[in-house]
Amino acid sequence: MEAAVRTSGLRKEFRGTVALQGLDLVVPPGSVFGYLGPNGAGKTTTIRLLTGLLRPTSGTAEVLGLDVASRPDEVQRRVGYLPGRFVGYPDLTGGEYLRYLAALRGGVEWSEVDRLADRFELDLARRLGTLSHGNQQKVGLVQAFMHRPDLLVLDEPTTGLDPIMQAEFLSLVGEASRSGATVFLSSHILSEVEAVADTVAILREGELVRTATIPELRAQVVRRWDVTFVHEVPADVLRAIPQVAEVRVRDRTAHLVLAGSAEELLRTVAPYGVENVETHETDLTEVFLRYYTHEEEPWRVA
Amino acid sequence: MPLPGTDPGTPFLLRSVYLKSLRDVRHGLVGWSIGIALLVITESLIWPSFRDMPDIEKLFSQYPDYMQRLFDVSAMTSGIGFINSELFTLMLPVLFLVHAIGRGARLVAGEEEDGTLDVLLVTPLSTTRILLEKAAALVTGVFALGLVLYVVTMTCSLSIGMGIGPLDALSGCLSMVLLGSEFGLIALAAGAATGRKSLAVAVPAALAVAAYVLYVAGLLVTSVDPWQHLSPMEQALASGPLGGGLPLDFLWLALGCAVVTVATLPMLDRRDIAAPG
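Protein chains in written order, with the numbering used here: chain A, 2 to 303; chain B, 519 to 795.
It should be emphasised that the hints constitute simulated quantities derived from the structure, not laboratory data. For every residue, glycine included, the Cβ atom is placed at its ideal position computed from N, Cα and C. There could be a bad hint or two in this list.
Cβ-Cβ distance ranges computed for the label pairs, FRET-style [said to hold, decoys possible]:
hint, chain 1, residue 1, chain 2, residue 2, range
1, B, 764, A, 68, 48 to 56 Å
2, A, 180, B, 556, 55 to 63 Å
3, B, 530, A, 196, 53 to 61 Å
4, A, 149, B, 789, 46 to 54 Å
5, A, 14, B, 728, 52 to 60 Å
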């Protein structure tokens, strides 16, 4: 099966400033793909290249097997797009705005619009100019989903949504994915996409630093454990365990840095009489934050 | 230009980019129509007292030659001449230009600066189609204003007895429509090329001033004279424009509109669309 999105050497410069440097990305069809990075990393640039709003400086972008640069209209027919800062016509009601876009797209079932509006508790009779930012964002989401596109390209979709609506959005993403659509969504917060994304890509300063599944990343999370022994710390034994990256001993407590599974550590230390184990879990968000701040790859601890 | 398969619940004016663009200007057109109507009515009401002034022809014969030609003052003793020099040679062209340039600038550059263009472009419609529909809406709006001008001018002429015939009024109104359309389309083109509303206003405004200067200079300086025919102002105004018949110069204006439109169509495909905010 062809990739939903495939870019090769995709590069974008704005007046000499490099926004995206040679991106090679493959998004499998039917997946939910989280595109992560801090502000200014090149997420929006990538999304605007995929939707045909920007032209690449070099390299190519294919969406649903179609070259975006040469066949933008066919791509745009099959894509649902939410811009990073969605703006509708303030003098139109939500209903009028969606009617207009549905007329331009053709083939939109209005019952689908009503269903989506209901789920987001959106009042379609109100003018967009009078809606809060969050409610405008819902209109933006409805227009992206309403024609049941093969690929959803959503730039920071949860911006302005309250937690209940965020959950509603995530369940909608899950449904779209189960019915065969591919969802490409950007975020600067991992926890937002962790629950729905199959795969995440991490972007920093226009460069892809890693693509991985969520379980793969979890396996590589670095944790800090403090193990207190009844007697003396068996430091050499601990150092011999492959997952233990670092050992510091103070009195009867070993301060460990653990990368990967804790299984072997637990089995090994049990006979030495463990009095207490204290764990300091590092969540995935912290892992990503380290990417953003130029630190070494977090699982390679010296 | 409604698209096939449109849901019957869709309001008529939201069925295409063309209709939506007309919808956006509907209130504005009402305002402009009232303004232009009041202007024509006021000037028409002044006409009888002006006509009855003694020695008016002697006064005009003392005007410099270029003034006589620019404002057609020698003809001011007739109703056509009076309305021509009071309205159709400067005031109405400026109003039509202001309206059309403002509209042209808003259609693409305005939408891009507001941020509404993004979603509109990511639809199956090609950028060429969107630009063509917007250009058509622009010309339709200017034409509607011209139609109002025609009706008001004819009504005033008939009720006050200014002697402006249906064809006289036609040539005058058509020249306003063509002139406005050409510079409005230049504004649309500048907006599509740059995405900036300020430039989309500045470029056609500067060109209009230049065209007017060229036209006036052609009247004053003999060596400029052959060049003034390049000026859309000359093409629109030199024949009268009220009562000028349908000069071939109007074809140049129409051709100008066509050339600018054709040049505009590929512009959005050739550049990046600015992200809002």
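Original post:
Could one say that the CB atoms of residue 764 of chain B and residue 68 of chain A fall in the range 48 to 56 Å?
Top reply: 49 Å, holds
Original post:
That 52 to 60 Å hint for residue 14 of chain A and residue 728 of chain B (C-beta), does it hold up?
Top reply: 36 Å, violated
Subject >> Range agreement (Cβ of residue 556 of chain B with Cβ of residue 180 of chain A, hint 55 to 63 Å) >> reply: Given range 55 to 63 Å: holds, Cβ gap about 60 Å.
Original post:
CB of residue 149 of chain A to CB of residue 789 of chain B, is that within 46 to 54 Å?
Top reply: For residue 789 of chain B against residue 149 of chain A, whose Cβ atoms are near 31 Å apart, the range 46 to 54 Å is violated.
Original post:
How does the Cβ-Cβ distance of residue 530 of chain B and residue 196 of chain A compare with 53 to 61 Å: does it lie in that range?
Top reply: With a Cβ separation near 44 Å, residue 530 of chain B and residue 196 of chain A fall outside 53 to 61 Å, so the hint is violated.
Figure legend: structure checked against the earlier numbered hints; hints not met, in rising order: 3, 4, 5.
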